[in-house]
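These are the residues of each chain, in order.
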Amino acid sequence: MKTYLPARFLVERNAERCIRCKVCTNQCSFDVHSYDSEEDCIQSREENCVGCHRCVIFCPTRAITIRKNPLEYRENYNWRPEVIEDIIKQAETGGVLLTGMGDDKAQRIYWDHLVLNASQVTNPSIDPLREPMELTTFLGRKPDRVELSDDLSLKTEIAPQVKLEVPVMFAAMSYGAVSLHVQESLARAATEAGTLWNTGEGGLHPRLYKYGKNTIVQVASGRFGVHAEYLNAGAVVEIKIGQGAKPGIGGHLPGEKVSAEVSRTRMIPEGTDALSPAPQHDIYSIEDLSQLIYALKEATNYTKPISVKIAAVHNSAAIASGIVRAGADIVVLDGLRGATGAAPKVIRDNVGIPIEMALASVDARLRQEGIRNQASIVISGGIRSAGDVAKAIALGADAVNIGTAALIALGCTVCQQCHTGKCAWGICTSDLFLTKRINPDIGAERVYNLLRGWSVELKDIMGGLGVNAVESLRGNRHHLRGIGLTDTELNILGVQMAGS
Amino acid sequence: MKKLNLVQNPYQDDKVIDACSIFGVMDTSGRRFSGEGITRAIANMHMRGNGLGGGFAVYGLYPDYVDHYAFHIMYLNPCAKTDTEAFLKDHFDTVHAERIPTRPTPAITNPPLMWRYFLDIGKRRLEDLTEDDYVVNRVMEINTRVADAFVFSSGKNMGVFKGVGYPEDISEFFRLEEYEGYLWTSHGRFPTNTPGWWGGAHPFNILDWTVVHNGEISSYGINRRHLEQFGYFCTMQTDTEVIAYAVDLLIRKHKLPFEIVAKIMASPFWADIDREPEKEKKLYRTLRQVYGSLLMNGPFTIIIAHQGEMVGLTDRIRLRPLTVGVKGDMLFLSSEEASIRLICPDLEKAWIPVGGEPIIARLKTKSPKPVSAKKVTVRAD
Numbered sequence: 001m002k003t004y005l006p007a008r009f010l011v012e013r014n015a016e017r018c019i020r021c022k023v024c025t026n027q028c029s030f031d032v033h034s035y036d037s038e039e040d041c042i043q044s045r046e047e048n049c050v051g052c053h054r055c056v057i058f059c060p061t062r063a064i065t066i067r068k069n070p071l072e073y074r075e076n077y078n079w080r081p082e083v084i085e086d087i088i089k090q091a092e093t094g095g096v097l098l099t100g101m102g103d104d105k106a107q108r109i110y111w112d113h114l115v116l117n118a119s120q121v122t123n124p125s126i127d128p129l130r131e132p133m134e135l136t137t138f139l140g141r142k143p144d145r146v147e148l149s150d151d152l153s154l155k156t157e158i159a160p161q162v163k164l165e166v167p168v169m170f171a172a173m174s175y176g177a178v179s180l181h182v183q184e185s186l187a188r189a190a191t192e193a194g195t196l197w198n199t200g201e202g203g204l205h206p207r208l209y210k211y212g213k214n215t216i217v218q219v220a221s222g223r224f225g226v227h228a229e230y231l232n233a234g235a236v237v238e239i240k241i242g243q244g245a246k247p248g249i250g251g252h253l254p255g256e257k258v259s260a261e262v263s264r265t266r267m268i269p270e271g272t273d274a275l276s277p278a279p280q281h282d283i284y285s286i287e288d289l290s291q292l293i294y295a296l297k298e299a300t301n302y303t304k305p306i307s308v309k310i311a312a313v314h315n316s317a318a319i320a321s322g323i324v325r326a327g328a329d330i331v332v333l334d335g336l337r338g339a340t341g342a343a344p345k346v347i348r349d350n351v352g353i354p355i356e357m358a359l360a361s362v363d364a365r366l367r368q369e370g371i372r373n374q375a376s377i378v379i380s381g382g383i384r385s386a387g388d389v390a391k392a393i394a395l396g397a398d399a400v401n402i403g404t405a406a407l408i409a410l411g412c413t414v415c416q417q418c419h420t421g422k423c424a425w426g427i428c429t430s431d432l433f434l435t436k437r438i439n440p441d442i443g444a445e446r447v448y449n450l451l452r453g454w455s456v457e458l459k460d461i462m463g464g465l466g467v468n469a470v471e472s473l474r475g476n477r478h479h480l481r482g483i484g485l486t487d488t489e490l491n492i493l494g495v496q497m498a499g500s
Numbered sequence: 501m502k503k504l505n506l507v508q509n510p511y512q513d514d515k516v517i518d519a520c521s522i523f524g525v526m527d528t529s530g531r532r533f534s535g536e537g538i539t540r541a542i543a544n545m546h547m548r549g550n551g552l553g554g555g556f557a558v559y560g561l562y563p564d565y566v567d568h569y570a571f572h573i574m575y576l577n578p579c580a581k582t583d584t585e586a587f588l589k590d591h592f593d594t595v596h597a598e599r600i601p602t603r604p605t606p607a608i609t610n611p612p613l614m615w616r617y618f619l620d621i622g623k624r625r626l627e628d629l630t631e632d633d634y635v636v637n638r639v640m641e642i643n644t645r646v647a648d649a650f651v652f653s654s655g656k657n658m659g660v661f662k663g664v665g666y667p668e669d670i671s672e673f674f675r676l677e678e679y680e681g682y683l684w685t686s687h688g689r690f691p692t693n694t695p696g697w698w699g700g701a702h703p704f705n706i707l708d709w710t711v712v713h714n715g716e717i718s719s720y721g722i723n724r725r726h727l728e729q730f731g732y733f734c735t736m737q738t739d740t741e742v743i744a745y746a747v748d749l750l751i752r753k754h755k756l757p758f759e760i761v762a763k764i765m766a767s768p769f770w771a772d773i774d775r776e777p778e779k780e781k782k783l784y785r786t787l788r789q790v791y792g793s794l795l796m797n798g799p800f801t802i803i804i805a806h807q808g809e810m811v812g813l814t815d816r817i818r819l820r821p822l823t824v825g826v827k828g829d830m831l832f833l834s835s836e837e838a839s840i841r842l843i844c845p846d847l848e849k850a851w852i853p854v855g856g857e858p859i860i861a862r863l864k865t866k867s868p869k870p871v872s873a874k875k876v877t878v879r880a881d
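Chains A and B are the protein sequences, given in the same order.
Numbering of the first sequence is given in this note's numbering, commencing with residue 1 and proceeding in unit increments.
Numbering of the second sequence is given in this note's numbering, commencing with residue 501 and proceeding in unit increments.
Don't read these hints as lab results, they were simulated from the structure.
Where hints are given, some of them may not hold.
Far from chain B, some chain A residues (derived; all Cβ distances over 10 Å) [stated by the list, open to error]:
#1 Glu47
#2 Gly271
#3 Phe433
#4 Asp441
Taking lysine to any residue pairs in the SDA-like style, the calculated list, with each CA pair at most 25 Å apart, reads [what the hints assert, rightly or not]:
#5 Lys155(A) to His754(B)
#6 Lys753(B) to Leu154(A)
#7 Lys155(A) to Asp748(B)
#8 Lys163(A) to Ala771(B)
#9 Lys782(B) to Pro160(A)
#10 Lys755(B) to Arg141(A)
#11 Lys155(A) to Gly370(A)
#12 Lys755(B) to Asp150(A)
#13 Lys755(B) to Thr156(A)
#14 Lys755(B) to Leu152(A)
#15 Lys753(B) to Pro143(A)
#16 Lys755(B) to Gly370(A)
#17 Lys422(A) to Phe30(A)
#18 Lys781(B) to Leu148(A)
#19 Lys753(B) to Asp151(A)
#20 Lys623(B) to Ala586(B)
#21 Lys297(A) to Gln789(B)
#22 Lys779(B) to Arg145(A)
#23 Lys782(B) to Arg141(A)
#24 Lys345(A) to Leu98(A)
#25 Lys781(B) to Gly194(A)
#26 Lys163(A) to Arg452(A)
#27 Lys782(B) to Gly194(A)
#28 Lys163(A) to Gln789(B)
#29 Lys779(B) to Leu154(A)
#30 Lys155(A) to Phe730(B)
#31 Lys779(B) to Tyr302(A)
Where a beta carbon is used, it is the ideal one built from N, C-alpha and C, also for glycine.
Work out the full structure, taking the sequences as your base and the hints as a guide.
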């Protein structure tokens, strides 16, 4: 069948600059560039171009420019080019449209409608270059009070806590979805920065066990790679119920990505599809979740906090309250913009709620019920900068997870081709030719640098607000104001309008 | 229902912002002395206030009524007095009632009517409430429900005198040189976002606890939300209110001594905690993990007092001033050293405590509570 899909991008090659070195033909994993030896020139198959800019960055003579194809349809607000092209794709394949990364639609990004406060006159701002500025955060269940004996020694023994030097962790990205080099980069950066990375649902490769005390090990519906040694290797065990990119949907790692090493780590035969069911088949209600939480606590001898991750959906507040009462020490909320290695596009772009709203309502609900101390709240899904982190903390988060931002630090340009397994940047692929493009020495440094930059910025923001410890910003919505929001939105966020 | 926050905070800002002078003096032997000295001391810091609030707290004030709750109540009109007295009659036995003596003072204009009542709970059934909780609830009822009446002092054998004016004028108005107490605190106020009203001046009081406060708590938003989980609702929207509620929660309900409360409200830095011996490290770490939301962050100096104890504390990087002076049994706390030296020229020693280090003065006649926190406690004995 002839495809009616037009090329998304135009590849422009400056003939005077091109030296026919073939770097682009080697770098492109989507077969856009090819060398024509008869004509001694490079040809382009523009219909294959995904706009990842790998060739642009690596062309030694900067001969390549990638432009959007200015293919002009007749203006129509409803039948936009993306809509037309999606229909064309389905007419030609009859399948579910798959995509990678997070929701790219224009739903309101509330971070952009929130602004932070600063001290002027009546309270001094604090200069983080001169004064201590503390980002240290402990995740885990806390009691409401501390009891002391007469000699002021502790009578209260608190539940296991995990320490973060910076309240930013790496979101769950499994081995298989991303390469081992990517996981190693994240694990080393987390160790260097004093934070945690997350195995996702793919087990823990033996090479990464040494980063265990900076690792969250995940238990998801497929239970891939879960065994006693794995559970005890990490600092936190996370039960994954849902994911922001695909709430209510399971996962599917295609067999071609299940290499020998992936097979060993996931404990499944090489080349077989790894299917994660939509629900966990032993969790059909809250009491089942509670059983799994306590089973994992037993398995780890009550030495580690147990985290439960859910996608942000309409009744997140009530669900989160149940999760805390079921015994979870950490609740992770993954919002509408949470990313994925592969998800049905219709789910990614249409299901779930913005993380800002979910966070605000969960934090408020747990406080109304007087159980906010009993669990830490971690959020993820589209966090882009230290500004977003500060706003999330002020809304009530203990810490945030970043996935896409960390991958961008490694080279990702958000071309949304993760599901193809052909990532030209060597991130979201298990093709050994491509995965070696990530050097963990350099990768760890790039990701660590990002965290360092954000933590310096967080300290600047906090100092400007006049607080020198992150716990004084956490849940402190007085330091937020809204811009361009309705009364209902402000009410849910628990913040006032700018100027009031 | 009366919206106290509308009186206190007419523009409905996040919270009331003000700066101040504060002074406290205690004779730890329990000897009582007049308000003449502290008036001179606080007047010496005239420039730190703007005349929109001044006040004093006195302990050991009513030796003839030591077992009775002494309510100081301000009335904006005679009707409020009738309503309040009817309420008091229903809920307390009134042992004695009188108008608080005042003298006409040129600087004090339009004062409310001031009365004091010595009250007993009598044989009333409290169900599962303690006597103190019963009294707190009644004070809250009067302050939020009875129009134009405000209880500004409700402890035993102590009293608060405050109003709109410079503290020295308030002292003259209330004739404080005629009273004696073993512990006095005082406050001169510089509010920036409120016109000032008589009830809004410091000291802030509930039962026999008083707080005078200089500063602005930048962590107010989370302190307040945390306290709401324990049933404290900040109706006045002042920093002082969250400090008072935090102290009530930690000391009265969670039974922690002030040495520990200081480690919560002005907690040591993690780097300092890591340098402590194992036992202290674990204690301070646990306190911060559990009570992080009650860290009072931002500039403050407070003097908190209750029967037999006076405590001075600054925020952990000391963004507001506090000087301590000691002579014999006398311990002085002040925003400025000059004010201490003015009334006690021959101080034995004076120093500026490290940020977050509590200065605790306790009455010697009461058996002191066990204290292990070394170097953080300075007693005047």
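Restraint check for Lys163(A) with Gln789(B), where alpha carbons must lie at most 25 Å apart: Holds. Lys163(A) to Gln789(B) sits at ~10 Å (cutoff 25 Å).
For the pair we were handed, Lys297(A) and Gln789(B), check the Cα-Cα distance against 25 Å. 21 Å, holds
Holds or violated: are the alpha carbons of Lys779(B) and Arg145(A) at most 25 Å from each other? 18 Å, holds
Would you check the hint for Lys345(A) and Leu98(A), treating anything up to 25 Å between C-alpha atoms as holding? OK: Lys345(A) and Leu98(A) at ~5 Å, within 25 Å.
Decide if the proposed pair is consistent with the structure: Lys155(A) and Gly370(A), CA atoms, cutoff 25 Å inclusive. 22 Å, holds
Going straight from one Cα to the other, do Lys755(B) and Gly370(A) come out at no more than 25 Å? Distance of about 20 Å is within 25 Å: holds.
Is Lys755(B) within 25 Å of Leu152(A), Cα to Cα? Holds - the C-alpha atoms of Leu152(A) and Lys755(B) are around 11 Å apart, at most 25 Å.
Measure nothing beyond the straight line between the CA atoms of Lys753(B) and Pro143(A); if it is 25 Å or shorter, mark the hint as holding. 15 Å, holds
Does the structure keep Lys163(A) and Ala771(B) at a Cα separation of 25 Å or less? 14 Å, holds
Check whether the Cα positions of Lys779(B) and Tyr302(A) lie no farther apart than 25 Å. Given pair Lys779(B), Tyr302(A) holds - Cα atoms ~22 Å apart, limit 25 Å.
Is the hinted pair Lys753(B) and Leu154(A) satisfied, with a Cα-Cα distance of at most 25 Å? Holds, at about 17 Å.
Any Cβ of chain B at or closer than 10 Å to Gly271(A), or is the non-interface label fine? 47 Å, holds
When held up to the earlier numbered hints, the structure conflicts with none and fits them all.
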